[in-house]
Amino acid sequence: MTDEKFSPEQSLQLIRTMINKTKRSMSDKSIYFLVWGWITFVACISQFVLKHIFQYEKHYLVWTLMIIGIVFSIYQGRKEEKTIRAKTYVDESMKHLWAGMAISFFVLSMILSRLGWGTVVFPFFIMLYGLGTFISGSIIKFRPLIIGGISAWALAVGAAYVGYDYQILFGAAAILISYIIPAYMLRSRNKTVEQ
Amino acid sequence: MFKDLDPILHSQLRLAIVSLLISVKEAEFTFIREKTNSTAGNLSVQIQKLKDAGYIDVMKQFKNNYPQTTCKITKPGIRAFEEYVINLQSYLGKG
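Residue numbers (numbering that gives the first Met the number 0), protein chains in the order written: chain A, 0 to 194; chain B, 0 to 94.
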């Protein structure tokens, strides 16, 4: 590119081209949805099997699997920090949203461990998943995530009408619809955009 | 009457740099060079001109032991870009 003067039409075209180039450089965050989605899904199904089928008392221990997600997120975040060359507002918003979501999950866990987990834990957790995916989908303008978020909210209400064991399955369904499926769709959309 | 287009922005490479920076929070020198297809020498000169005009901030730091230059648009830079686009539209609309 040279430093020559040019016409207003060329100016406008140049602005458009450059803005489109930054759009394409938005980083692909689907890996986080996939890793967290699968870990949570496996945890839900395992908890259901341990509790409902084997009547194992310490069924909740499966949630220690979340540590894998935390370790992965820290590792991946650091790796990206080293390679990232432009910080977009979308990436920044997503980072703050999910940091806030993680804190909310932690706060909710603290509250429930004091007041009792009872049958409220899954409806509230599913509702929060819905919030996170709905906002994420709105930020990156990706409809499957928005639909996933709305579906999770519906499942959160539905979970309030069933017993604890089946609430776990509602949790698994919410993860599948709001995280895993949209994440695979996002991944394939990003690959198409890159080509 | 058409308003004169800001001479700082009405130059191909400088406008490309500002158009890139308007849509990101900040970007590294190498990223801008790649997206604008410019040479390091020319890009440095144009970045310096934008910095002197107060349109962008240039931060120099070390990342993984390598020197790194990061650019970020300033508020006067955003205002100048908006005004430039408005003037451009008046040219195109009436021209």
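I should point out that these hints are in silico values taken from the structure, not numbers from a laboratory.
Remember, it's a predicted structure, so these values are computed and weren't measured experimentally.
Please note: incorrect hints may appear among the correct ones.
[Said to hold, decoys possible] Cut-off 25 Å, straight-line C-alpha distance, at most; resulting in silico cross-link-like pairs (PhoX-like, lysine-lysine):
{"no.": "1", "chain 1": "A", "residue 1": "Lys-94", "chain 2": "A", "residue 2": "Lys-81"}
{"no.": "2", "chain 1": "A", "residue 1": "Lys-94", "chain 2": "B", "residue 2": "Lys-48"}
{"no.": "3", "chain 1": "A", "residue 1": "Lys-86", "chain 2": "A", "residue 2": "Lys-50"}
{"no.": "4", "chain 1": "A", "residue 1": "Lys-81", "chain 2": "B", "residue 2": "Lys-24"}
{"no.": "5", "chain 1": "B", "residue 1": "Lys-74", "chain 2": "A", "residue 2": "Lys-86"}
{"no.": "6", "chain 1": "B", "residue 1": "Lys-50", "chain 2": "A", "residue 2": "Lys-78"}
{"no.": "7", "chain 1": "B", "residue 1": "Lys-50", "chain 2": "B", "residue 2": "Lys-71"}
{"no.": "8", "chain 1": "B", "residue 1": "Lys-62", "chain 2": "B", "residue 2": "Lys-50"}
{"no.": "9", "chain 1": "A", "residue 1": "Lys-81", "chain 2": "B", "residue 2": "Lys-48"}
{"no.": "10", "chain 1": "A", "residue 1": "Lys-78", "chain 2": "B", "residue 2": "Lys-74"}
{"no.": "11", "chain 1": "A", "residue 1": "Lys-57", "chain 2": "A", "residue 2": "Lys-140"}
{"no.": "12", "chain 1": "B", "residue 1": "Lys-62", "chain 2": "A", "residue 2": "Lys-81"}
{"no.": "13", "chain 1": "A", "residue 1": "Lys-57", "chain 2": "B", "residue 2": "Lys-24"}
{"no.": "14", "chain 1": "B", "residue 1": "Lys-62", "chain 2": "A", "residue 2": "Lys-140"}
{"no.": "15", "chain 1": "B", "residue 1": "Lys-74", "chain 2": "A", "residue 2": "Lys-94"}
{"no.": "16", "chain 1": "B", "residue 1": "Lys-74", "chain 2": "B", "residue 2": "Lys-59"}
ask   = Is B/Lys-62 within 25 Å of B/Lys-50, Cα to Cα?
value = Holds: B/Lys-62 and B/Lys-50 sit about 22 Å apart, inside 25 Å.
ask   = Given the hint that A/Lys-86 pairs with A/Lys-50, does the C-alpha gap stay at or below 25 Å?
value = 45 Å, violated
query = Taking only the CA atoms, is the gap from A/Lys-94 to A/Lys-81 under or equal to 25 Å?
reply = 16 Å, holds
task = Take the C-alpha atoms of B/Lys-62 and A/Lys-81, compute the straight-line distance between them, and say whether it is at most 25 Å.
result = With Cα atoms ~8 Å apart, B/Lys-62 and A/Lys-81 stay inside 25 Å; holds.
inquiry  = Would the hint linking B/Lys-50 and A/Lys-78 be met if the CA-CA limit is 25 Å?
reply    = 31 Å, violated
query = Keeping to a limit of 25 Å between CA atoms, is the pair of B/Lys-62 and A/Lys-140 held or broken?
reply = 32 Å, violated
query = When you check the alpha-carbon spacing of A/Lys-94 and B/Lys-48, does it fall within 25 Å?
reply = Violated, because 33 Å separates the two Cα atoms, which is more than 25 Å.
message = Against the 25 Å threshold, does the CA-CA distance of B/Lys-50 and B/Lys-71 hold or violate the hint?
response = 10 Å, holds
query = Given the hinted pair A/Lys-57 and A/Lys-140, is their alpha-carbon gap at most 25 Å?
reply = 41 Å, violated
inquiry  = Just to be careful, I want the Cα atoms of B/Lys-74 and B/Lys-59 compared with a cutoff of 25 Å; is the pair within it?
reply    = 20 Å, holds
ask   = If you draw a straight line from the CA of B/Lys-74 to the CA of A/Lys-94, is it 25 Å or shorter?
value = Satisfied, since the Cα-Cα distance of roughly 24 Å is no more than 25 Å.
query = Do the alpha carbons of A/Lys-81 and B/Lys-48 lie within 25 Å of each other, as the hint requires?
reply = Violated, at about 29 Å.
Hint compliance for this structure: hints 2, 3, 6, 9, 10, 11, 13 and 14 are not met, and every other hint is.
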